[in-house]
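Start from the sequences and build out the full structure, keeping to the hints where you can.
Taken in order, these protein sequences are the chains called A and L. Plus 294 on top of the position in the first sequence (first one is 1) and you've got my numbering. Plus 397 on top of the position in the second sequence (first one is 1) and you've got my numbering.
These aren't lab readings, by the way, just hints derived from the structure by calculation. Be a bit skeptical, because a hint or two may be false.
To spell it out: a stretch of chain A is covered by chain L in this simulated footprint if at least three of its residues, at any positions, have a beta carbon under 8 Å from a beta carbon of chain L; those stretches are [unchecked claim]:
1. 402-412
2. 551-558
3. 724-737
4. 825-837
5. 849-862
Derived coverage of chain L by chain A (criterion: at least 3 residues anywhere in the stretch with Cβ under 8 Å from a Cβ of chain A; other residues may be distant) [said to hold, decoys possible]:
6. 437-447
7. 520-527
8. 573-580
9. 600-608
10. 638-648
11. 677-691
12. 714-726
The structure displayed is predicted, hence computed values, not measured ones. Note that the Cβ used here is the ideal one computed from N, Cα and C, for glycine as well.
What follows is each chain in one-letter form.
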Amino acid sequence: MDILLAGFVSGSTYALLAVGVSLIFGVSNIVNFAHGAVFAVGGMTGWYLAAVLGWPLWAVLIGVVALTSLLGLVIYAVAVKPLRAAPGIAVLLATFAVGIILDNTSLRVFGAETQRFPSLLERSNFELFGFRFGTIALVIIGVSISCVVILALVLARTRLGRAIRATSQDIEAAAQMGIAVARIQALSFVIASALGGVAGVLVGMYNSNVSPSMGFTAGVTAFAAATIGGLGSLPGAIAGGLVLGVAEAFGVAVGGDSVRPLVTFGALILVLWVRPGGILGRVPTIASEPMTGTFFGAGRPLRLPPWGALVLAGAGALVPLVASDYLLRTGALVWIYALFALSVTVAGGFAGQIVLGQAGALAIGAYTSALLVTKVGWSFWPSFAAAGVVSAIFSVALTAATWRLRGHYVSMATLATGGFIAALALNIPALTNGARGIYSIPRPSIGGIVVGSAWGMYLLTFGILLVAVALVSRLGSSHLGRSWSAVREDEVAAAASGIHASAYKSLAFGLGSVLAGFAGALYSAQVTYIEPAQFGISLSVLAVTIVILGGLRAPMGAIVGAIVLVGIPELFRPLADWRLLFYGVTLLVLVLVRPQGLWSHAEPVARVWRKLTATRRGEGVKA
Amino acid sequence: MSSFRRTITAGLAAFALTASLAACASAGAASDGGSEPVRIGVALPKTGDQAQYGEYFEQGLDLALEQLNAAGGIGGRNVELVLEDTQADPAQAPAVAQKFVDDPSILAVLGDFGTPATAAASPILQSAGLVQFAFSASASTVTDPGDYIFATWVSQQYEAPRLAAFAAEQGSKAAVFYQDTDWGLNTHGFFSEGAADAGLEEVYQTGYNPKSTDFRPLLLAAQAQNPEVIVLISYAADGALITAQARELGIEVPIVGISSIYNQRFIELAGDAAEGVQTLSYFTPVNPDERVQTFIKDFAEAYDIETPSDYAVRAYDALKVVATAASAAAESGELTRASLRDALANGSDFPTVLYGPITFSETRRVTDAEQYPLVIRDGAFSLRD
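Quick look at the structure:
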């Protein structure tokens with residue numbers, strides 16, 4: 295009973311955040327990944343106002359609400375409004391970038407340390423069934439419920455509410471009816487962010503500690519809660535939060551702390567399989583989201599003539615002659631990430647499925663290879679092959695029920711799958727060594743010679759990447775590739791032409807997972823140490839980011855993206871504190887300026903490109 | 398491919414090869430100069446959740462460095478520290494270790510903070526023949542990767558059973574919280590052995606993720622077993638959070654923690670709940686020994702801080718020990734990565750503030766040392782009577 299209550303209270307903190315996520319999704323059809331960061335900024339600002347400046351609670355709340363609602367407006371103006379015509383995934387990445395920027399700005403401003411949040415409300419003055427709790431717990435529950443009630447009244451009774459509902463039902467129709475859609479959407483961001491800030495203060499008080507890095511996990515959990523309850527449904531967000539909180543509390547009390555992510559992602563997967571609309575939500579009637587069409591058209595890849603490919607490959611292979619060892623190690627990592635990102639090219643670029651769980655496939659590959667090498671005593675190459683196969687089998691099996699979904703829901707289901715795999719690795723210590731991870735993974739060897747040197751790993755990874763790029767290019771222009779294009783461009787039309795869409799989607803995902811598994815094997819050999827925490831959602835998002843920014847449709851895009859997003863930030867390591875901030879800003883600028891990718895047609899790049907390759911265009915193949 | 402293109406490629410390759418060889422040659426020549434500083438790498442958390450510990454490291458290291466160079470450095474050469482941030486993250490530690498290995502001017506590596514990050518770097522340093530001087534890692538397995546790994550924290554093999562006996566003074570039924578990490582599991586293993594000897598029953602035990610924020614479900618499950626004492630195998634931040642939430646839930650039994658919680662942060666984060674929490678520590682500023690009091694005086698002059706952190710002392714000692722060994726190696730021949738290792742392994746009675754003179758054992762560790770019982774009283778750690 296006491297555990298039920300503890301779960302209920304922590305569930306209500308999830309609910310508070312989930313309401314914001316759901317509100318934004320309902321009004322703007324956008325998954326706002328910056329919501330967790332807003333929550334953390336709210337918590338840290340609250341701490342600063344309360345602990346350092348000594349403000350009373352009401353003043354703290356006003357200050358935090360003022361700041362976070364402003365942040366909400368800024369997020370809308372910077373990351374959402376300019377991308378209104380772009381597909382959901384571009385906005386999702388933009389909000390993710392804003393989240394990184396907010397997290398790291400807050401880190402710079404407040405310092406990295408966990409801070410003690412002064413108890414402005416009693417934390418342990420009540421007792422019920424042996425569970426001691428405080429006013430704060432009641433306030434959290436009260437705020438969650440009153441938010442929903444107030445919002446429900448506003449939605450049902452006022453002109454503004456009607457405008458919001460109209461917008462959430464059909465944006466274009468609403469605009470034609472004279473509703474200022476932009477203003478309504480901005481308002482939803484302001485309200486949701488203000489709520490997020492309040493949640494930061496309340497949760498900070500409840501936990502007694504806040505830290506600038508607490509936002510990401512909270513954001514993901516809130517997102518899971520909102521989805522479980524039904525995205526877009528406010529009572530659903532509350533229900534989802536409470537269900538998740540109680541499930542986690544019981545899971546943790548019985549199975550220990552590491553069960554928590556297993557419960558979160560397990561519940562998310564289950565709901566998406568059984569009832570994708572969530573407990574209180576409805577399966578969206580307009581299933582097709584603007585994932586297809588103009589976006590990909592604009593992203594038509596540049597064509598690389600064969601001589602160009604040879605020159606680039608040659609140049610890449612000659613790098614070890616001039617580069618330092620450190621640069622080569624970084625280079626090897628870049629090629630591994632490029633290979634990893636290629637898996638998204640196959641699933642996303644070819645078959646049009648934006649998959650957000652590829653870190654799971656990478657993890658399976660890394661663990662398969664590392665375990666076979668260290669525990670069973672296999673040599674690297676058989677384990678490399680096994681990594682690809684096992685990764686594909688697991689990924690396909692775990693997502694089997696996913697492919698009848700579309701758009702956002704595919705992204706969410708794969709995200710949950712990725713998170714679930716990492717959580718599994720944490721929870722079967724007998725096999726994976728749990729949170730301790732696996733140390734001393736040996737480097738691969740060729741013909742008995744260990745490839746441990748910087749240039750050896752560089753050339754090895756580069757060689758494998760080249761082979762993969764060549765194969766994937768071939769695949770893209772094959773009959774299979776054309777079937778994928780058909781599914782990507784118009785699923786209904788494809789089905790009408792006798793193409794079994796789910797099977798093709800699953801096949802693309804499976805083949806992608808083979809590549810991710812290979813990348814995982816190389817990753818474990820390069821890094822020599824793996825643990826579940828390395829394979830988080832950020833890594834999955836990174837893979838998608840790499841190909842989106844490089845160019846989704848061409849394998850070259852994965853390479854270009856990996857150089858920009860993995861190589862360059864690594865070189866900024868000496869600027870430790872600013873590195874992630876730089877990454878966030880780069881990401882945001884690239885999404886805003888070139889949402890169709892670097893390696894793609896866009897005037898005037900294409901004009902220059904045409905001039906350069908004009909003489910050889912006839913013989914060009916897709917690279 | 399035409400033969401012309403092949404010729405060009407070969408020519409390019411040959412040219413690049415020559416250029417890089419030339420570069421290597423000039424780099425080699427430069428490092429022969431006797432006036433070049435001795436460069437020592439330090440892997441530490443400068444950012445992230447453990448940044449506070451990195452700050453303590455820097456205090457101790459800077460003080461030692463200043464004293465070293467004022468006294469003439471190593472074999473007449475100045476000493477330079479190369480600090481690299483790992484966030485004490487085992488995922489980042491190997492890359493930093495590799496960076497040190499690839500830089501031929503680095504003589505040895507100090508750090509990292511905690512066993513997980515340290516152990517992740519060990520295989521790379523060991524296989525490259527670069528000394529890893531682990532001064533802040535206590536798992537019994539730290540030096541296992543090989544003969545280039547040295548550790549100065551007394552192994553948990555000795556410390557954890559002592560903690561069990563210490564906890565048994567408070568009650569016979571314990572609820573044990575340990576970090577679900579390499580270090581936490583290793584320590585908890587030895588703790589359990591010690592508990593059996595001390596007649597302490599573990600009525601509840603659980604591993605936890607140090608980054609968790611809500612420990613209430615675990616604490617409630619622990620409470621259901623009616624423990625008489627709570628044992629924390631934690632670091633300062635997570636230990637403080639568990640302590641604070643335990644008291645809020647109305648769990649009033651005594652709490653004892655492993656020496657890693659000996660840190661002012663623990664008291665800041667736990668607030669009033671920290672009162673009465675007990676721990677064992679190798680360092681206490683009230684130790685009357687002259688070496689301790691001199692250090693405290695120097696430290697106070699340099700930083701205007703009355704009580705140096707345990708971790709600052711360890712970092713200070715680490716640099717001093719490595720420098721002493723390096724000086725010995727330089728005197729008896731050429732100072733290289735390998736000769737430094739031999740000097741550390743074969744030398745004896747290296748002076749330290751924390752333990753007094755130390756000599757490394759067969760397993761390149763410090764054998765057991767005395768610990769002082771501390772209790773938190775009025776917002777400060779003080780010697781328990």
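Structure-based check of all given hints:
1. Restraint check on the region 402-412 of chain A versus chain L: 6 residues with Cβ-Cβ distances below 8 Å, three needed, restraint holds.
2. Taking a C-beta to C-beta cut-off of 8 Å, the region 551-558 of chain A contributes 3 residues in contact with chain L, enough for the three needed, and the coverage statement holds.
3. Note: the region 724-737 of chain A has 6 residues with beta-carbon separation from chain L under 8 Å; the three-residue rule is met and the coverage holds.
4. Check result for the region 825-837 of chain A against chain L: holds, 3 residues qualifying (beta carbon to beta carbon below 8 Å, three or more required).
5. Counting residues of the region 849-862 of chain A whose beta-carbon sits less than 8 Å from any beta-carbon of chain L gives 0, not enough to reach three: the coverage restraint is violated.
6. Here's how the region 437-447 of chain L fares: 4 of its residues keep a CB closer than 8 Å to some CB of chain A, so the rule of at least three is met and the hint holds.
7. For a cut-off of 8 Å, the count of residues in the region 520-527 of chain L with a CB near a CB of chain A stands at 3, and the three-residue condition holds.
8. For the region 573-580 of chain L, the stated coverage by chain A is satisfied: 3 residues place a CB nearer than 8 Å to a CB of that chain, which reaches the threshold of 3.
9. Counting residues of the region 600-608 of chain L whose CB lies closer than 8 Å to any CB of chain A gives 5, which reaches the minimum of 3, so the coverage claim holds.
10. Counting residues of the region 638-648 of chain L whose C-beta lies closer than 8 Å to any C-beta of chain A gives 7; at least three are required, and the coverage claim holds.
11. Taking a C-beta to C-beta cut-off of 8 Å, the region 677-691 of chain L contributes 0 residues in contact with chain A, too few for the three needed, and the coverage statement is violated.
12. Given as covered by chain A, the region 714-726 of chain L fails the check, having 0 residues with a CB less than 8 Å from a CB of that chain where 3 are the minimum.
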